[in-house]
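A.B. asks: Protein chains in written order, with the numbering used here: chain P, 1 to 641; chain Y, 1 to 641.
Among the clues, some could well be false.
If chains are identical, the list can't say which one is meant, so a pair holds when it fits in one copy or spans any two.
[As the list claims (entries may be wrong)] Here are the simulated DSS-like pairs of lysine-lysine, each with C-alpha atoms no more than 27 Å apart in a straight line:
no.	residue 1	residue 2
1	K487	K278
2	K146	K402
3	K396	K12
4	K214	K170
5	K616	K629
6	K6	K439
7	K139	K439
8	K512	K68
9	K402	K278
10	K214	K146
11	K629	K439
12	K214	K12
13	K616	K487
In short, the hints are calculated from the structure, not lab data.
Number of protein chains: 2
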Amino acid sequence: MVKRSKEHIDLKEVWTILRERISRLPDRAISMVSIDPELSGKILAEDVVSMRNIPHFNASAVDGYAVKAYRTSGAAPATPCILSEDSFQWVNTGAQVEDIFDCVLMVEDSSLSDSGELLVYQTLSPGDNVRPVGEDVFKGQIIGRKGDRINPAMTALLPAAGVKTLNVRKDLRAIFLPTGDEIIPVEKWLEDDKPLQGRVMESNSLMLKAFFAKWGLSLETGPILPDDPEVIRKQLLEAVSSNDVVLIGAGSAKGKKDHISKIIEEEGELLFHWILMKPGRPAMAGFVRDIPIVDLPGFPMSTAVVCWSVVFPLISLLLSGDFSEDSIIPQALGALSTTHNASLLVPHSSPSGILEWVRVRTVKINEETRVFPLAGGSSTMWAMAESDGLTLLDPKTVECPKGSLWKVWLTREIEWERRILYQGSNDPAFDRIISYVRKNGGDLIARYVGSLGGLASLRRKECHLAAVHLIEPQTGLYNTSYINELKGDASWYRQVLFHRQQGIIIASQNPKEISSVRDFVREDVQIINRQNGAGTRVLLDMLINEEGIDSCDIRGYDNISLTHFDAANHIAAGLADAAIGIKAAADALELDFIPLVEEPFEIVIPEEYLEHSGIKAFLQALNEKDWRKQVMGMGGYRWKE
Amino acid sequence: MVKRSKEHIDLKEVWTILRERISRLPDRAISMVSIDPELSGKILAEDVVSMRNIPHFNASAVDGYAVKAYRTSGAAPATPCILSEDSFQWVNTGAQVEDIFDCVLMVEDSSLSDSGELLVYQTLSPGDNVRPVGEDVFKGQIIGRKGDRINPAMTALLPAAGVKTLNVRKDLRAIFLPTGDEIIPVEKWLEDDKPLQGRVMESNSLMLKAFFAKWGLSLETGPILPDDPEVIRKQLLEAVSSNDVVLIGAGSAKGKKDHISKIIEEEGELLFHWILMKPGRPAMAGFVRDIPIVDLPGFPMSTAVVCWSVVFPLISLLLSGDFSEDSIIPQALGALSTTHNASLLVPHSSPSGILEWVRVRTVKINEETRVFPLAGGSSTMWAMAESDGLTLLDPKTVECPKGSLWKVWLTREIEWERRILYQGSNDPAFDRIISYVRKNGGDLIARYVGSLGGLASLRRKECHLAAVHLIEPQTGLYNTSYINELKGDASWYRQVLFHRQQGIIIASQNPKEISSVRDFVREDVQIINRQNGAGTRVLLDMLINEEGIDSCDIRGYDNISLTHFDAANHIAAGLADAAIGIKAAADALELDFIPLVEEPFEIVIPEEYLEHSGIKAFLQALNEKDWRKQVMGMGGYRWKE
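Please construct the entire structure, taking both the sequences and the accompanying hints into account.
C.D. replies: Right, dumping it as structure tokens:
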């Protein structure tokens, strides 16, 4: 049987294929007792009929006196009827109206005489103020239809109607099969203090289970399978025998080890392979024994993207026979809200002809919602955990200039009036303050764009605060000339947060015997630099300028890290020999450090934001003793007071 | 201590009081293991720091060959460098780059010679295509901040970062204490085949638990308490000692037995009592031992309303210190969407100065969203279970004419293109067809407004279909003259669904010895009639007219039931002696029946709707054998074919 699967198709085409080929699962019922706390949200697999009348007795609708209507004939305030003690009975709202009565007189329309007789001021008809047997629901009435989702009111109605058990639709059975020789189970990963090099934890099952749980579904996880086609085949065939959908982890992006498409083709049918989206491109789907199979790329973000855009629509088709292309993605994400016109803070290039998923953070500045993408490829988990939400850039999108309006699906609760955006120099002590800002009622998010980048952002009103440590080569003075040049007529509040030591970060034990920036020109020395506009790069440029060194003679001058930690990490990882950076980064990674200068790290805030509740919280946080104590322990920081 | 609680206040004032008096709970943490499946959605009670670098080794970012960068110096497609077998190593994406290498050559930029040497077509720098140790997350990095909600990505990141256990915010502890001598536990209720008269099931705890579960919270239920102030006091004091919020069921609306406000005043402070809303008016809230207490009225709808509008905001204050007045109600309801301009199908009177909660159903007719309220007071569970959503009418709203635009919070998933609205005559066999319409892919909702009401609705385009059984007194012919009069120039499709027997429904054994409508004028005979425009009322009017009876001489002529079952139920309940109605209603309630006529029950559909997928499903359903079989068993139905 030669069937050609579609390759390199866009998501709309994926959805069209899924719609054509995936139909609603046949109804399968399981019985549940009507008082099972898990019942709410389940779908009825059959019509449910009331076994009882509700109420099951004639009940009073008011507080008052049960009477016979004919005894009240002609009663009015001016001409009350008088009833003897044995011809009426007090009833509370909801209480039974005995068979010897046929209506209830509201207490407001009566009075009791001293001798215990009832004065009636209102003429009644039989049934007045009585909720007759079965008024709410009668015995035999259909109270729930097959296909209805059981809502909270229904959970109370079912037992009240005498229903003891009922058939609900059986849950979807789904399994995830992780594969890969390099994958180790989470339990083993946490047990080992130093996991083997080259091995990674099986983390995707945890994330996928959490998404399924958000959708009200459960997901089983199979054992981790080795990269052995026959083992995978056997497990896949077993999985399809007892599941409605099977997800396989990785396989598809793994160079020489791509077995899974072959197995699906041999045992069933491959529907498509490679989607024109980023990340998530290597995804594929097919059928084995008529059960849909989705192969998820291994990287976390790729897995998530395919889970939202392929697995969730597929499951919707299995469960309800359809899905709405407009709302399926925010539904899959569990988006809390949608922001339609978030203005982009930085230019963004999107690949042409490819749908791109972008993890973003958002902030409101002067009432305008701004958005920026988080850095990091599909392998990074941190950016996913940290993001406020997602933007989807359609395949036609190529260049998004600053100020482009993006639609953002927000997956995090954000209190806009507390949130402030920092842009500026990177510093690990500053990073620590974020928690203390939160403690004081603010919500600080940070983009590390270098000192000059921060000032420029402030000037363009693209952040609430910035920080700088910029040396002026001519004078050796810090910050003032840069700030004055950029602030123009605006009033900017300034405060030195702390002083910190800058120097040369080198490998432990200094194997290359580096002692100053003069060594940076040596053929056996590879440096890692910081981005344009970073105060640390300004410092390096000043230092080599003083030594008359041409930057072209330095190996690695154009290799860029965006943070002190990333630069230090390159040295720790053996990918560079030296970097200019702060002592705290060297200390944290147990690297050697040659001190060069102590510099003031100064915060700058436009005065217009000083009343912003986020900025207030930030300024309060600066006085937190715990923060200072923590920072003192990081190495190279000092307060001059 | 004399403190005056507020009485008879509106909901806005309730919210103001709650905001002033309820503050965020102090942080209380519990430890959870990082791989607990319940972790997703929990809130971090502390900052979480990564225990490991991710990746913990230098990993390849591509499929290719790990090499030393300096060996590729000058390499280009025209001038490849040649590397011997021992100076490169194949690596898959994600695999380790051994320490003896410092970059990865993409497989596309290379070729292997026959003798096993590697031809390199690209000059590389150290670090190229390598994800260094800690690139994603470095050891010591803060990966989650106190107050963050754990999202699915975070559930994977935490163990990947070597975090074994972490502190999350302890769940809210809430308890519901049902009270009332008349209340019996659900288990007992289901056990008894015939529950005692005057007793009702404790159903509110089930509904409340389901709402709490929707909010991601759990709710304990205490034992059912008798109407004994000292027992209630004791239990309340116990409950506040181990809970963050205590809900008490009923008490407040129960006439002479209102203890709870007194207990709260004596043991603490009453904040308010009586809210200007309908239902839910008797609600109250206060503090006992600084723990907030909410007293919920006993009726299900009242309980639900207070749960949404008082309990949920209160809980939001306890958990986050604030709530948004704009979104708190739809959040509480778990609204799936909001329809802003649903046009009202029937006039609605709302009490002045009172906020009114209205359970509604919705439908789209000719692209316009229409809405109508469901009948039933706060005691009815059925209307709650059946509703599509809620509308809140502000206190200023008094008369809402037909066509008023209501905002509706939808709590049910509706497939608009499948949904059709029936307005017309009530019939239990018709009611049964709803399930078969659904089986055929439609979604039929019905309003029983009588035959004439249905035709008038059709004419005004206020429904998709109607049904009639209207006798013309002059000719004894059915339906045609009425239809022709109302359809005007429109083309209406007609089809007789079935014939059914109408007659006089009387109590079993006919204790009043009723034999014809002539007996309706007897002083000891009380009838129950149907509403104006109902075909059954038209029939009665014709019959008494033939007998020369004046309707003023019939006791109960103005007492109205909207359905055959309701009329029959009044007879079964002893509240009326006779009604005109169909045999099926008499049979179902085991009442006696005196046949009078057999009438055609005819469906009418404007031709413009014949292609509507809901109408198509309806017409298909008419041929369902199972439906006909079911209807045949109900008594009094016949097909003439």
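A.B. asks: Run every hint past the structure and note whether it holds.
C.D. replies: The hints, checked one at a time:
{"no.": "1", "hint": "K487 - K278", "in the structure": "neither (39 Å within a copy, 58 Å between copies)"}
{"no.": "2", "hint": "K146 - K402", "in the structure": "neither (52 Å within a copy, 32 Å between copies)"}
{"no.": "3", "hint": "K396 - K12", "in the structure": "within (13 Å within a copy, 48 Å between copies)"}
{"no.": "4", "hint": "K214 - K170", "in the structure": "both (18 Å within a copy, 20 Å between copies)"}
{"no.": "5", "hint": "K616 - K629", "in the structure": "within (21 Å within a copy, 74 Å between copies)"}
{"no.": "6", "hint": "K6 - K439", "in the structure": "neither (53 Å within a copy, 34 Å between copies)"}
{"no.": "7", "hint": "K139 - K439", "in the structure": "between (58 Å within a copy, 24 Å between copies)"}
{"no.": "8", "hint": "K512 - K68", "in the structure": "between (107 Å within a copy, 17 Å between copies)"}
{"no.": "9", "hint": "K402 - K278", "in the structure": "within (21 Å within a copy, 51 Å between copies)"}
{"no.": "10", "hint": "K214 - K146", "in the structure": "both (24 Å within a copy, 22 Å between copies)"}
{"no.": "11", "hint": "K629 - K439", "in the structure": "within (16 Å within a copy, 68 Å between copies)"}
{"no.": "12", "hint": "K214 - K12", "in the structure": "within (24 Å within a copy, 33 Å between copies)"}
{"no.": "13", "hint": "K616 - K487", "in the structure": "within (21 Å within a copy, 69 Å between copies)"}
When each numbered hint is compared with the structure, violations occur for hints 1, 2 and 6.
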